[in-house]
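Asker: Taken in order, these protein sequences are the chains called A and B.
According to my numbering, the first sequence holds residues 3 to 299 in order.
According to my numbering, the second sequence holds residues 58 to 273 in order.
Some hints could be false.
Claimed, not checked - Distance condition first, Cα-Cα at most 25 Å in a straight line; then the derived DSS-like pairs of lysine-lysine:
1) K71(B) with K243(B)
2) K175(A) with K198(A)
3) K205(A) with K110(B)
4) K174(B) with K187(B)
5) K187(B) with K146(B)
6) K222(A) with K71(B)
7) K243(B) with K269(B)
8) K146(B) with K205(A)
9) K145(A) with K119(A)
10) K71(B) with K84(B)
11) K119(A) with K92(A)
12) K174(B) with K198(A)
13) K146(B) with K222(A)
14) K173(B) with K269(B)
15) K110(B) with K84(B)
Derived by calculation from the structure, the hints in this document are not laboratory data.
Since we're looking at a predicted model, the values are computed, not measured.
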Amino acid sequence: MKITFLRYSIRQAMANIFNNRLVHLIGVGTMAIAFLIFDAFILIFVNLSYWTEERGRLLSMSVYFKEEPDRIVLEDVQRELLGFPGVTIKRFISKDDAMEDLRRQLGDEAGLLDGLKENPLPASLEITFSRDKGGDSIPHQLKRRLERINIVDEVQYSQEWIERFQAIMEALKIVGIVVGGLLFLAALFIITNTIKLTIYSRKDEIEILKLVGATNRFVKIPFLIEGSIQGFLGGSLALILLFVAYMIVVARVDLRIGFASLDFVFLPPECIVLLLVMSSIAGLIGSTISLGRFFRI
Amino acid sequence: MIQLFHVYKTFGSKNSALIDVSLRVRKGEFVFITGPSGAGKTTLLKIVFCAEKATSGQALVDGRNLNRVSERELALLRRRIGVVFQDFKLLPRRTVFENVALALEIAGLPLSVIRKKVHQTLRYLGLANKEGYYPPQLSGGEQQRVALGRAIINNPLILLADEPTGNLDPDLTMEIMALLREIHVKGTTVVVATHSQELLRDTRRRIVSLSKGRIV
């Protein structure tokens, strides 16, 4: 494409937007609403993924001892544990502490424990394991290493939870792609019809351009640039509206599930850039589809 | 320059706009196409500049068969045909300068050449002081001169004018006809469609009469 033609197309697209600013304003507004629905879904999806990821990231692990370890043995085990990346030792639970915990849990039924001659509960170490610092294979390795230590009786962690977490993430991804895809198609449908209105209002102009010898490319490219700009502006407006709505939600609503307070995050920068690019591409596709019917002669 | 062989044009199943029209316009000729409203004058011109396709028959312009031209060839051919309409067909949101420059921008000429040629053309048409105006700010005669400027700026082989004076008073009609004659003298083939008997009085040009879609 020649530079002069590109310059002409951009200049023409800008002039068209300015000259038809009311039609464009309505178009950008309509697109913004369509994108807002899509962006809001992405925001919810991003947060759901973030929360699921966050909850699955910290894995609890319990190391049970055959007998109450003395301070030196305990320190050795702790040193061994801290040699693994992502491991944090939460607390050591002695046999007495374990019994105390059990009594507290049983409440009124705690008297049942009075008949015991000796404390059968093992001493243990509660550790948490951060998945993002290790990887999924590390819990297995850690378990095997710890079980080799003489005094360690058993190591338990919730493999089931990891599997469930992975299944949830997979399902979320599929739901995200399907619902996101459908919403994007709906947005594209609205955009195509909005741009069709813009183009229809200028069908005389297209006719004149063609009659004085313009090729299809010459007529189409300024419209395609216009569509992309319109899409970009609609996408930007949608993100601004979404951010305002997000600020209102964050300021007013305390998101809690159980005891855990959840961070409600806004879209990450790379996601914002991607949405803006998608908005421009949607505008471009919308223009291409809308222009089709005007080029029969 | 223009050859039509047994051209038929039908809209829908019954409405025949042209019936068995054969016509030959030689290079450098000045021809009037005349007839009452609905005779098929506009349809005939539309077939020549490819705004319509003949239902059957052959139409050739500058040796090219219009039934077989590609989209790109058609665009290139239209650059060599200037067209003037009764309702001017100017772009209302572009200035006089921009409207006249359109054909040159489409041809991809550099801006400096476009500026020079547009200024020359506007001077020739007596519109040098109106280049920054928008069409709705001009009189009918001025708008038709702008349309004429757009049609001739590329030095076309053929100039087609469809009722070019239909919306103008007698003085402006004479002015536009004088310009068409000047353009013809410079070598352009001119075809004017009109139902006005005033324009045809005393003319020595060839007159092709249409009635109900047939040449009579």
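Asker: A separate judgement is required for each hint: does it hold in the structure or not?
Answerer: Results for each hint:
| no. | hint | result |
| --- | --- | --- |
| 1 | K71(B) with K243(B) | 42 Å, violated |
| 2 | K175(A) with K198(A) | 33 Å, violated |
| 3 | K205(A) with K110(B) | 20 Å, holds |
| 4 | K174(B) with K187(B) | 15 Å, holds |
| 5 | K187(B) with K146(B) | 18 Å, holds |
| 6 | K222(A) with K71(B) | 35 Å, violated |
| 7 | K243(B) with K269(B) | 34 Å, violated |
| 8 | K146(B) with K205(A) | 12 Å, holds |
| 9 | K145(A) with K119(A) | 32 Å, violated |
| 10 | K71(B) with K84(B) | 35 Å, violated |
| 11 | K119(A) with K92(A) | 30 Å, violated |
| 12 | K174(B) with K198(A) | 36 Å, violated |
| 13 | K146(B) with K222(A) | 20 Å, holds |
| 14 | K173(B) with K269(B) | 45 Å, violated |
| 15 | K110(B) with K84(B) | 23 Å, holds |
Hint check: violations occur at hints 1, 2, 6, 7, 9, 10, 11, 12 and 14; the rest are consistent with the structure.
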